[in-house]
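Novice: Taken in order, these protein sequences are the chains called B and C.
Position one of the first sequence corresponds to residue 1 (the working numbering), numbered consecutively onward.
Position one of the second sequence corresponds to residue 1 (the working numbering), numbered consecutively onward.
Hints are computed from structural coordinates only; laboratory data are not their basis.
For glycine and all other residues, C-beta sits at the position ideal for the given N, C-alpha and C.
Some clues are possibly wrong.
If you only want the chain C side, here are some residues facing chain B, beta carbon under 10 Å, derived [stated by the list, open to error]: (1) TYR73; (2) PRO79; (3) GLU84; (4) CYS144; (5) TRP149; (6) GLU153; (7) ALA444.
Number of protein chains: 2
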Amino acid sequence: MSDDVQELGITESKSHNTGEWYAEVVRKAGLADYGPEGMSGFIVTRPRAYAIWERLQGFLDAKFKNTGVQNAYFPLFIPESYLEREKDIVEGFDPEVAWVTEAGNEELEERLAVRPTSESIITPYISQWVRSHRDLPLRVNQWCSVVRWEATETKPFFRTKEFLWQEGHTAHATHEDAWTETLTRLDQYESVYEDLLAIPVLKGQKPDYDTFPGAETTTTVEALMPDGKSVQAGTSHHLGQSFAAAFDITFADEDENERLAHTTSWGLSWRAIGALIMTHSDEQGLVLPPGVAPTQAVIVPIWQEDTKDAVLEYAEGVAADLDDAGVRVELDDRDERNPGFKFNEHELNGIPLRVEIGPNEVDDGELTLVHRPDGESTVVDREGVAASVAAHLDELYAKLYAAAEETLDGEVREADGRDEILGTLGQHGGYVKAPWCGDEACEAPIKEPMAAEIVMVPFEDDDPLVDADGDDAAGDAGSHGETCAICGEPAQRTAYFAKSY
Amino acid sequence: MSDDVQELGITESKSHNTGEWYAEVVRKAGLADYGPEGMSGFIVTRPRAYAIWERLQGFLDAKFKNTGVQNAYFPLFIPESYLEREKDIVEGFDPEVAWVTEAGNEELEERLAVRPTSESIITPYISQWVRSHRDLPLRVNQWCSVVRWEATETKPFFRTKEFLWQEGHTAHATHEDAWTETLTRLDQYESVYEDLLAIPVLKGQKPDYDTFPGAETTTTVEALMPDGKSVQAGTSHHLGQSFAAAFDITFADEDENERLAHTTSWGLSWRAIGALIMTHSDEQGLVLPPGVAPTQAVIVPIWQEDTKDAVLEYAEGVAADLDDAGVRVELDDRDERNPGFKFNEHELNGIPLRVEIGPNEVDDGELTLVHRPDGESTVVDREGVAASVAAHLDELYAKLYAAAEETLDGEVREADGRDEILGTLGQHGGYVKAPWCGDEACEAPIKEPMAAEIVMVPFEDDDPLVDADGDDAAGDAGSHGETCAICGEPAQRTAYFAKSY
């Protein structure tokens, strides 16, 4: 809402200083401000970014509800003893949490963690709610904020001490049902990225040794950022029976035998907003696909004193038609700004489609549509404007998706052998795929020198990765027919190496 | 989700043990559970209650957005120095907060409050965002949870240490604009209660000495609960220029003169869910108006072995028709439960309309509709079922509203003189209205003996309570023509005395 003209320009280069460019877009497009002094790592989410989050929420939440998920809300705080219980059963769980130790002018008897994730408080309630096989599947989700006190540098939406997300928690009668659930949610995350945000993702699982603590398998969608790094864009965990055993989620089956449930959890955070900004935006500012854009089309009337009334009247009619058709449209009829200023401002703010209306358009019964991403300009008839705009919005989405897909396709390379993998990653970034034996020891020679790791192992043959005994198929022997790029032993899977956020 | 039949019955009496009855409805209708051990004062909001909250959110949020409000999200924590700043300028502000003192395995240099309300963190950002009169009005709202460490007994949705709410914060160029804003939000709160929740409310302002700390005027909608107490159901504050002065919200006016803004804040919490449960529910359990009911109509097919297929097929057709028409409908075709059990369960859970379909209905091309609140039963034609159900849902709303309005009308009594006010409140509860001089000293003789207070002073003549000089009209002299019921001096306003939550 600043008035300063120079504030409109992006000065950093996306390709050369991706990080600085990103920070500049976030600030100048009014997406987020940094938190107050004394609260580094926190951000203020401004209306433009929050409106994107609301659209993402609406899209995903509708999918959840159509597939049996109910929303609920659990307390913000988790007693230390509950987290300890999780620690005891789940090796490696040691989140850096913020602790409430004083409240109402007294010291608390037990410290309360501000939730870093809610398994340890939700699972005991699921345990109370499940008695019979008829209570399964049980699925709850909450949209909330969580706090993780990581000391790394703040990057709005990518790395913040507090972030918004949804966390789903489910219980099922069988291992297979829990698998179906895990993959259903992963597919929904894929759809958020691909269908809504116009970002193609790679779908697969994390290596066995890199799962969420306590999970049997962690599945992931990974998105490639313009700096050549992969971002874990959404995760869905098959938790097996570890949480069910620890928190006693048992149920009477149809024969009244007591059985132990199988659980899942899955989450997607506002990191999706970060990936969105990173992927499509440019050196004019924010670029948004129409599905998440708070404003989809802005009408900029262009007048001289003698044509003002006619142009404005015509523009108002167009705005009304678009609004009636459900297009999120704004008419920028500000007197105090000239069209050039308005163009820059709306480009900075990522409005997908600009509608220009001047005296010529009025005389000819036309309008000029300009695509934000590439400036492509088309003259269309005033008649049928709503259909034209809808078609152009679809085209815009397709354009953004195609560009991102082309980038991704070009950034997946093959390599064989440690040196080639390191060389390729070093030169290009992006993903390097290579046959892999499944052993953590064969990731180390890549991870140690250049902090790249196996970010994803694709599913093969739509195999849900799972044996009859519940083991992960990445541990199966000899199905791949190739040899591990590092050790030369038989390969089990294809591994995607990349640097990651 | 319990299987135990005895769990279905409400055993407490609404009229005799309102508190216990309320707690039983909350638990047995699956609305909320108490928080974990060590976290008294917290609740787990179960899907049925959360779905009510979502509908309320949707209703109110749409009104906000139609009237210029944008949602945003500010950090969960507020540095102690920010709260202190508010304390310094705002006499009486001393919320009982929860403090984060340790995070990431280190002690923090400055304590962070878990937000009890966000004026002190939002206002400094508004100050940064406002430069010119063109940036005004500026309106942001957030839906979030807040924490207030009150030691009183927990009552789900009414009194909990953490609660969900929305808080709106706005800045305006003039005192009058801020007034319009204050009353716009108050009217929207009134509409939530009256149009959505079927609860009539009384609208007015708090006495001058009982405003939100720092506010010039606090306006309120008050709802009467069945135990005869008033609940402050939503509040909207005109903050005058106190926050703007403290946090330096200035703007350049049209002549480039620097001026100080006028601000408001307004909030509505999940207490609305508490008021909803309290008002309409009965000794069969929860009663909900159709607008907020997660399920509006449940179809219960009634069959013998030989009629099962025909009844079910017919019921499925009805369910499909209602679903197509946008009715939130469930078909309860469980084999393992008999119709009587189902009736009880759906009554407990507050489904507004039951649709009974047996062999007779199938033969006659009819259905039986039963209203949850009073058991009124009507046979309607299968043909046109969607329109019939819609009409009955409207009728149900009207029935609930009329009953609540009749109760409220009967519970507003007049009295003159201290003893009559005390006697009337003691005998009946509810509201006692009396002419009042506007002086706090005249509330004390009621407040001290029986903890009843002036909960509301109605607006008069639609007067927005404000003088040209910005003073509150409750302080005006001599406009009322009556004498104060306590001191006998000229009355300024009518005061509503009541016990309150």
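Novice: Indicate, hint by hint, whether the structure satisfies it.
Specialist: A quick look at each hint next to the structure:
{"no.": "1", "hint": "TYR73", "verdict": "4 Å, holds"}
{"no.": "2", "hint": "PRO79", "verdict": "4 Å, holds"}
{"no.": "3", "hint": "GLU84", "verdict": "12 Å, violated"}
{"no.": "4", "hint": "CYS144", "verdict": "8 Å, holds"}
{"no.": "5", "hint": "TRP149", "verdict": "3 Å, holds"}
{"no.": "6", "hint": "GLU153", "verdict": "14 Å, violated"}
{"no.": "7", "hint": "ALA444", "verdict": "27 Å, violated"}
This entry does not satisfy hints 3, 6 and 7, going by the numbered hints stated previously.
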